[in-house]
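K.L.:
So the sequence lines, in the order shown, correspond to chains D and H. The first sequence maps to residues 561 to 673 in this note's numbering. The second sequence maps to residues 3 to 223 in this note's numbering.
If you're looking for bench data, these hints aren't it; they were derived computationally from the structure. Even for Gly, the Cβ is constructed at its ideal location relative to N, Cα and C.
Computed, partial: chain D to chain H, Cβ under 8 angstroms:
1. ALA598
2. ILE609
3. GLU612
4. ARG626
5. GLY639
6. ARG649
7. LEU653
8. LYS655
9. SER659
Facing chain D, a subset of chain H residues (Cβ under 8 angstroms, in silico):
10. ALA20
11. ALA31
12. TYR38
13. THR41
14. ALA80
15. THR150
16. ASN177
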Amino acid sequence: MLERFAEESPEPRRARRERLAATEPYSAAERLSLALDAVEHAVVETAEIEREVVQFFGTDSKGAKRVIFRPEEFEEVSGFELHAIPRRRLEALTKLRQSVATLRREIARRGNH
Amino acid sequence: VAITDELLGEMAASLAIAVDPALASYAAASDLFEAYVFTLVVRAAQTEGATVTYRNPNGSVATTFVFRTSPGYIWSTARPYTYAVLEFPQCEALEAHLGVRVAGKSGVLHEFDVCVIRQSEADTARQNQVHPRSAKCVIGVECKFYSTPLILALARAFIGLGTDVSTWNTIFVTNSESASVEKLLTARDRQWANRVVPGASVDVDRLKNEFQSAFKYFRAG
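Next comes chain D alone, as it looks inside the complex (with noise of 0.2 angstroms):
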């Protein structure tokens, strides 16, 4: 039995479309965008996470009422206690919250032109 090697192919080869990957910086516009997706998920988000649990169990809950987090060994980072959200802090993160709506609307109309 003959051995057949790749040389000895009959068939042609076809000639292959090169493909190189590339990368390409973001633009004025998406850099926006990914600011602004870090705003809302690093303290809209944020916020709004503490409003629920701080409403859960101040209120969906039998005595107790603070809640506290603890490292459970003493480290440097000694943990935090939450407390209902302040009216100025909730009326700032309105105003973050309509600020970034608007820009959002304003980068999608930019790019539209």
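Here the structure of chain D is known, so what remains is to put chain H in place on it, guided by the hints.
P.N.:
For chain H alone, coordinates are given in the frame of chain D:
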């Protein structure tokens, strides 16, 4: 341009007030997210008819809710860490915990950010200072709170976790999203929930329903 500059100025001013310095770190936000998912588990149990009480490690009723900021042992008495006792009629009681270590099939310890354990297993673990077995967990949740899209390595790690734990319902839960993470977890038949934040009611309800289903099958089993 002027409008955008004005908006950015307003944003900067709002940001300065909107951020609570105590919660500004990534770690604090992650802890908070885990507590939020814990509340969804408890709500799901209540919807399915469970009576819920909150306890300290010594079994007394919790008067302050204390939650872990780092993984720990269920028997730890370093702090009075709170857990929820979920009691369904005519069923063995369950316990919902935050950040406890459980033993996988290999004997290696894994951390579930949120888990629901059979109370008999939890009692044995506390009394004998042994780790609860993952097979005795009804729900195990891996929480990921990210301000950016998730990286694929998180899905790979979760798939690896799934090969060593025998928990009925092991769920990957995130506030963020990523098409590649969702595709990989789906292809590997892993449960996941994305966009889990209070404003996304459809996504939150879907996850709560997953927890409710887990309780339904537990009650029937």
